Amino acid sequence: MAANPNAAPAPPSDRTNHGMRVVVAWLVLSAVATPLVAVFVGHLIPPGNGSSQGTEQVFDNTLMLTVITPILCLLAVFFVYGLRSFHASSSGAVLDGPPLRGDSQIQILWIVGTSVIVLFLAGFGTFELLQNGAGGGQGPDPIAVPGGQKMQVQVIGQQWQFTYRYPSLGGIESNQLVLPADTDVELHVTSLDVIHSFWAYELGVKADANPGVDNVAYVKTKSPQVFHVRCAELCGLWHGYMYNNGRVVDSAQFHSWASQQEKLYAAIKPFMDKPEADGGAPFGHTYLPAPERRAG
Amino acid sequence: MRVGVKLVLVAAVVVAAGVMIGFYVSNLTTLAGSPAYSLPVQNVNGHPVVNLEIQTVAAVGPQLSRNPDWVSYLVRNTSGQWKRETVWSLPANATVHVTIYNFDGASGLRNPFLARPQGMVGNRIMVDGKPTEAVDPNEASHTFAVPALGIILAIPGVADDAKDQCGYAPCPMSNAHRTIKFTFHTTTPGHFRWQCFVPCAAGWIDGFGGPMQTIGYMDGFLNVKA
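Protein sequence lines correspond, in order, to chains D and U. In terms of my numbering, the first sequence opens at residue 1 and continues consecutively. In terms of my numbering, the second sequence opens at residue 1 and continues consecutively.
Chain D on its own, in the form it takes in the complex (with noise of 0.2 Å):
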């Protein structure tokens, strides 16, 4: 059979071991490279350490990104020297690369890899979220509940702003979110409109404020701090502008102001204690308020 005149010339003979040559150049980058992310990028993801889930979620953004990078190095490390081995020369003929084969020892490694990988995650993540929440909304039965006194907080989201209910002072309602120093909180999440969601940036608390429902997330307070609250559900026209600051203060500045709160509040008490038939507020007792009461 006589030779086909048009077929691309064949690759000339490469015996260099590129995949060795990628595995080394890949464990001294991730050899260098790991311990200076986990030690010196770490720390630097949010949300801070404002809070107990604060301070978990940081550990476990870390750890997280200590595990990604070896797998950022490979790639990065594969892709230069692809880059830098396999391209095509300026000069001469285009040549067609080395074939690729199957390897099965290759495809194993791989799969065993990124399984223990995906597993070693989700167990982590799962014992992270049943340790205590990690911030998040847990809706109405929570599982992970930690132990203590814990002082209650109704988080209620309505177009376009947060309030915030003291079941323990009374019943007292604020559109300021102020909290005690090292003390730990019960927010009951909820919304009197559409879905909102309940964003404590520096505290780590992150909980979805459905209509009708009560949505449970705790938080341990660290030290007096400012933080921000923001809606992280986009809610309608002035969505962006739902946010305000929330404090967490020393114990006799937290009692100061819920005196003050408390004599603000006397004013519209009576409204609010009224049973519900009787228009008082439907919230006050059941942390159930009923979603979209009144409508045009």
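Hints should not be assumed to be uniformly reliable.
Below, in silico cross-link-like pairs of lysine to aspartate or glutamate (DMTMM-like), each with a Cα-Cα straight-line distance of 20 Å or less [as the list claims (entries may be wrong)]:
1) K83(U) / E53(U)
2) K263(D) / E133(U)
3) K274(D) / E53(U)
4) K222(D) / D60(D)
5) K150(D) / D250(D)
6) K269(D) / E133(U)
7) K150(D) / D60(D)
8) K269(D) / D136(U)
9) K181(U) / D136(U)
10) K206(D) / D60(D)
11) K220(D) / E233(D)
12) K220(D) / E56(D)
13) K274(D) / D136(U)
14) K263(D) / D273(D)
15) K220(D) / D182(D)
16) K150(D) / D184(D)
17) K206(D) / D141(D)
18) K263(D) / D136(U)
Please keep in mind that the hints were generated in silico from the structure rather than gathered at the bench. Small disclaimer: the values here were computed from a predicted structure and weren't measured.
Got chain D sorted already, so can you dock chain U onto it with the hints?
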């Protein structure tokens, strides 16, 4: 088609889409800056004082809007005319005396707590000449709230059986209405949104569509300038 030409075309489409999205997203910011109705400022003992007169109406009417049945706020300009403008310029560190004439009936608040006046001088309002520290949440017709300044107050509605109720705005003072007065102070310059919290948009889902989601009716900005 050459690869280079394809790349340029894709890049052009991506840039064009980005610009269009940018224009859409920046629409609110643009509204916050202009156009704004500059309220006349008086100088009292070297201190800026502003009188803001607004009215709330159940139906804005065909003279003032292409949506005549929408609920709306109106502002009185220097020539005494009622205009449907809800972006207002105010000086910083000024005293603002507000008078609201409400010609609409009650809808009721979803959260009764918002019926407690806050953020104005004395944390109280005058309702038909009487000092008030709490409005019955069920009688609330609208609210005037500037959350970033901590200002919120409920506006009681006109009784259902009141005579001479206003049909379409602008409503003359001979129509049944409630009068609410209060004073607040502006502080530093900035764009502060204001809104109504009562689900008062009749005919819309949950009473919060249409005029409640459109600047120029039940929402606006206070542009506080140095």
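Hint-by-hint comparison with the structure:
1. K83(U) / E53(U): holds, 11 Å
2. K263(D) / E133(U): holds, 11 Å
3. K274(D) / E53(U): violated, 34 Å
4. K222(D) / D60(D): holds, 19 Å
5. K150(D) / D250(D): holds, 16 Å
6. K269(D) / E133(U): At roughly 11 Å apart (the allowed maximum being 20 Å), E133(U) and K269(D) satisfy the hint.
7. K150(D) / D60(D): Violated, at roughly 24 Å.
8. K269(D) / D136(U): At roughly 11 Å apart (the allowed maximum being 20 Å), D136(U) and K269(D) satisfy the hint.
9. K181(U) / D136(U): Given that 20 Å is the threshold and the Cα spacing comes to 17 Å, the pair holds.
10. K206(D) / D60(D): With Cα atoms ~16 Å apart, K206(D) and D60(D) stay inside 20 Å; holds.
11. K220(D) / E233(D): violated, 24 Å
12. K220(D) / E56(D): At roughly 11 Å apart (the allowed maximum being 20 Å), E56(D) and K220(D) satisfy the hint.
13. K274(D) / D136(U): Roughly 11 Å separates the two Cα atoms, so the pair holds.
14. K263(D) / D273(D): Answer holds: K263(D) to D273(D) is near 15 Å, not above 20 Å.
15. K220(D) / D182(D): holds, 7 Å
16. K150(D) / D184(D): holds, 5 Å
17. K206(D) / D141(D): Since the Cα atoms of K206(D) and D141(D) sit roughly 17 Å apart, the hinted pair holds (cutoff 20 Å).
18. K263(D) / D136(U): Between K263(D) and D136(U) the Cα gap is close to 18 Å, so the pair holds against 20 Å.
When held up to the earlier numbered hints, the structure conflicts with 3, 7, 11 and fits the remainder.
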